[in-house]
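Enquirer: Sequence:
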Amino acid sequence: MSLFHAPSTQTDRKVIVKGQTVEVEGRLLEISTKGLAIESPKNAAIGIRLETRFELPALGEFNQMNLHGIVREHHATEKGFMLSLELEEQDAQTLAIIQDFLDYKQRLHDLSEQYGYKASNPT
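Note that the sequence shown covers residues -12 to 110 in this note's numbering.
Hints are supplied without guarantee of correctness; some may be wrong.
Stated by the list, open to error - Simulated pairs of lysine-lysine, BS3-like, Cα-Cα distance not exceeding 25 Å:
1) Lys66 - Lys5
2) Lys21 - Lys5
3) Lys1 - Lys66
4) Lys21 - Lys1
5) Lys29 - Lys5
6) Lys21 - Lys92
7) Lys29 - Lys66
8) Lys1 - Lys29
9) Lys92 - Lys1
If you are wondering where the hints come from, they were derived from the structure by calculation, not from laboratory data.
Just so it is clear, the structure is predicted and the values come from calculations on it, not from any experiment.
All chains, full assembly: derive it from the sequences and hints.
Expert: Right, here's the structure in full:
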């Protein structure tokens, strides 16, 4: 999988999405070091800058993430709107957290393939 030309992984976790005037709870469905795919009850126009807050297990702890990104794509879904956000440049620690999460998810995938299991929970 790839999100904004970077390896990505699926997930399913609560995310707070904040625009200039509205704050909603959505679902983070995909993450990479370059972007996020979020299902939101509210739409956002292409080019809008959004703030996102969510928890990501990585580097041996739960990390409170506060990332900003620009809406590059959006479309309607059964549960609202799918927003693709291109992340603003991240510091080294934030990149390390995201990369560790991606690596963890890849290890889980590899193990499930090796032992013939099918993952039922994308978190």
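Enquirer: Now tell me, hint by hint, if it's right for this structure.
Expert: Structure-based check of all given hints:
1. Distance restraint check for lysine 66 and lysine 5: the Cα-Cα separation of roughly 18 Å lies within the 25 Å cut-off, and the hinted pair is therefore satisfied.
2. For the hint pairing lysine 21 with lysine 5, the CA-to-CA distance comes to about 19 Å; that is within 25 Å, so the pair holds.
3. Taken as a hint, the lysine 1 and lysine 66 pair is honoured in the structure, with Cα atoms around 14 Å apart against an allowance of 25 Å.
4. With a CA separation close to 19 Å, the supplied pair lysine 21 and lysine 1 stays within the 25 Å bound.
5. For the given pair, lysine 29 sits about 10 Å from lysine 5 by alpha-carbon distance, which is consistent with the 25 Å threshold.
6. Restraint check: the Cα-Cα separation between lysine 21 and lysine 92 comes to about 17 Å, which is no more than 25 Å; the hinted pair holds.
7. Between the alpha carbons of lysine 29 and lysine 66 the distance comes to roughly 10 Å, so the proposed pair stays at or under 25 Å and holds.
8. A threshold of 25 Å between alpha carbons decides the hint, and for lysine 1 with lysine 29 the separation of about 15 Å falls inside it, so the pair holds.
9. A hinted pair counts as satisfied when its Cα atoms are at most 25 Å apart, and lysine 92 with lysine 1 qualifies at roughly 17 Å.
The structure is consistent with each of the numbered hints, conforming to all of them.
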